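The whole structure should be built from the sequences, with the hints applied where relevant.
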Amino acid sequence: MKIADTAHNEGPSAFAQAAELELRKVSKRYPGQREPAIRELSLTVPAGEVCVLVGPSGSGKTTAMRLINRMIPITSGDILLGGRSVLEREPRQLRREIGYVIQQVGLFPHLSVGENIATVPRLLGWPKERIAARVHELLELIGLDPQEMNGRYPAQLSGGQRQRVGVARALAADPPLMLMDEPFGAIDPINRARLQDEFLGLQEKVKKTVVFVTHDIDEAIKMGDRIAILREGGVLAQYDTPREILTHPADEFVARFVGADRGLKRLALTKVAELKLAEPNGSRPDPGADVVRRVSPETSVRDALSLMLTEGGEPLTVVDADGRVEGLLTLGVIEQLLSDEAEEPAPDAAQPQPERTR
Amino acid sequence: MTPAVLAAAGPVIPNFAAQSSSCEIHNRLFCTGWISRNWGPVLWPALREHIVLALVAVAIGFVIAMALAVAAHRFAWLERPTTLVTTILYTIPALALFELLAAPVGLNVFSAEIALVSYTLLILFRNILAGLRAVPADVLDAAEGVGMSQTQTLLRVELPLALPAIVAGLRIAVVTIIALATIVYVVYDRGLGVPIHTALGEGPFKTELIAAGVLAIGLALLADGLLVIAQRLLTPWARAS
Chain V
12 MKIADTAHNE
22 GPSAFAQAAE
32 LELRKVSKRY
42 PGQREPAIRE
52 LSLTVPAGEV
62 CVLVGPSGSG
72 KTTAMRLINR
82 MIPITSGDIL
92 LGGRSVLERE
102 PRQLRREIGY
112 VIQQVGLFPH
122 LSVGENIATV
132 PRLLGWPKER
142 IAARVHELLE
152 LIGLDPQEMN
162 GRYPAQLSGG
172 QRQRVGVARA
182 LAADPPLMLM
192 DEPFGAIDPI
202 NRARLQDEFL
212 GLQEKVKKTV
222 VFVTHDIDEA
232 IKMGDRIAIL
242 REGGVLAQYD
252 TPREILTHPA
262 DEFVARFVGA
272 DRGLKRLALT
282 KVAELKLAEP
292 NGSRPDPGAD
302 VVRRVSPETS
312 VRDALSLMLT
322 EGGEPLTVVD
332 ADGRVEGLLT
342 LGVIEQLLSD
352 EAEEPAPDAA
362 QPQPERTR
Chain U
2 MTPAVLAAAG
12 PVIPNFAAQS
22 SSCEIHNRLF
32 CTGWISRNWG
42 PVLWPALREH
52 IVLALVAVAI
62 GFVIAMALAV
72 AAHRFAWLER
82 PTTLVTTILY
92 TIPALALFEL
102 LAAPVGLNVF
112 SAEIALVSYT
122 LLILFRNILA
132 GLRAVPADVL
142 DAAEGVGMSQ
152 TQTLLRVELP
162 LALPAIVAGL
172 RIAVVTIIAL
182 ATIVYVVYDR
192 GLGVPIHTAL
202 GEGPFKTELI
212 AAGVLAIGLA
222 LLADGLLVIA
232 QRLLTPWARA
242 S
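Just so you know, the protein sequences line up as chains V and U, in that order.
Numbers in our numbering are just positions in the first sequence, counted from 1, shifted up by 11.
Numbers in our numbering are just positions in the second sequence, counted from 1, shifted up by 1.
None of these hints come from the bench; they were simulated from the model.
Only a predicted model underlies this, so the values are computations on that prediction, with no experimental measurement involved.
Glycine is no exception: its CB is placed at the ideal position from the N, C-alpha and C atoms.
Do not take every clue at face value.
Label pairs and their calculated CB-CB ranges [as the list claims (entries may be wrong)]:
#	chain 1	residue 1	chain 2	residue 2	range
1	U	Arg75	V	Pro200	37 to 43 Å
2	V	Arg45	U	Asp139	28 to 34 Å
3	V	Ala204	U	Arg233	57 to 63 Å
4	V	Ala166	U	Pro205	49 to 55 Å
Next up, the structure:
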């Protein structure tokens, strides 16, 4: 059993192998309703990737997520987790192997932070010492001081801390899959951005397969390795990487859904370091007055462009952490990026066309 | 009896004439001498019996009400008939209920307890059910999502979170039953109702009436206080905010 495999080695190495998730023509029709809530949804999430389900309300994204851990019964089709149908599994056993995070967090108010995190390991009957070690490890992983936070009750935490504890509870038993339903939806924008960054950092370490539901396309672009855009009636409109969706939206609906500013959103996906910069005028940045016109290579192209526009369209000097000039960022450089991306073939039009010639 | 007749009959202190002080002979408000002589033979046994009567009634009532509330929590249609029946029981005048029970059940502890238990049901049922239903939806969703069974959710999540409401119901029930148990003497001559009845019937003899009455009130307040303390100990999370 997978659970037993991780029994002896605590620490980052203890994380169970993430599993591939495959939805095969999954449909959900509620009794007494003519139209299905989910219509023949098929998609595969490779192990260790974040798949964001996004769409307007009524698109069935939360329904789709809850079909996976069988909190909503499937009408037809199949869902495979690690190659094995979830329909063969006892639902409660299945859920204990799938991390579950919801917007309102749903921490148990009468249990301490430590006891909340220990919920699934306890249901699985882990020995006490192993549970204690795991709770300690997870508190450190989410950046909460174990000594201080272990005994607190949820009512004594801030919204952000509660959400972190919710994620830790979902991670407690090393699930190969995590389901997250608008996990940061109830958090103010500044803390939301921080929690998103934290989660991405965490995901770097734990490498879970994640199904992440949101209605916010910007969050989808930021969090997703792949994005599944659903339209009303639970129809999959497009399933692709964020870059592909922004560059080659499959249809009108997707183009409208990602927004008129999709060009700018695309720029947000690229870092200045990835651009072919123009030659600098000198080897050292102009001292003093030019300080505002410098950017680090780690800045997103979108933010750099914004700065450039603020500075009247003047080129920016790209300076690395050691103060070395890497090049000049001009409007021309950004134009080049956009025209390069526009000419990349869309994946469904991916005919054998290895070398593009101009 | 009118006061005039009483006066003509003279002091009416039964059984203790030989030891009676002048306080008792003149039936003054409160005679400490009577208390000290009668604590052992009369008051303490009555108080002990009273505690047992009330404890047994609340305990049995709690078990029944808990079962009914858990069932009504799972099957919502059970709430109406249960509420109806327990409400009817609750509205029957206590004396009438004792009389009703006396014929089939007899003048014994069973009549007493059946009546007392029936008065706890409505209060406890309603409070337990309200407590179970007040558990936030997101908490229940999380419980299901982490793979708890219905029984695990009930025992580990719903009942602990319903504790404040349950204790609130217990407090009302306990105070009600301690008061009500003073008329149990009608079918079963135990409890603080016995000295109260004696004091009323024979005089009234003020000292005995006051002593037994104060014991009943004190017992109710003490039980209420103990429940408050118990709740604070059982729900440390409720104060954390």
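**Prompt:** Does the structure break any of the earlier hints, and which numbers would those be?
**Reply:** 3
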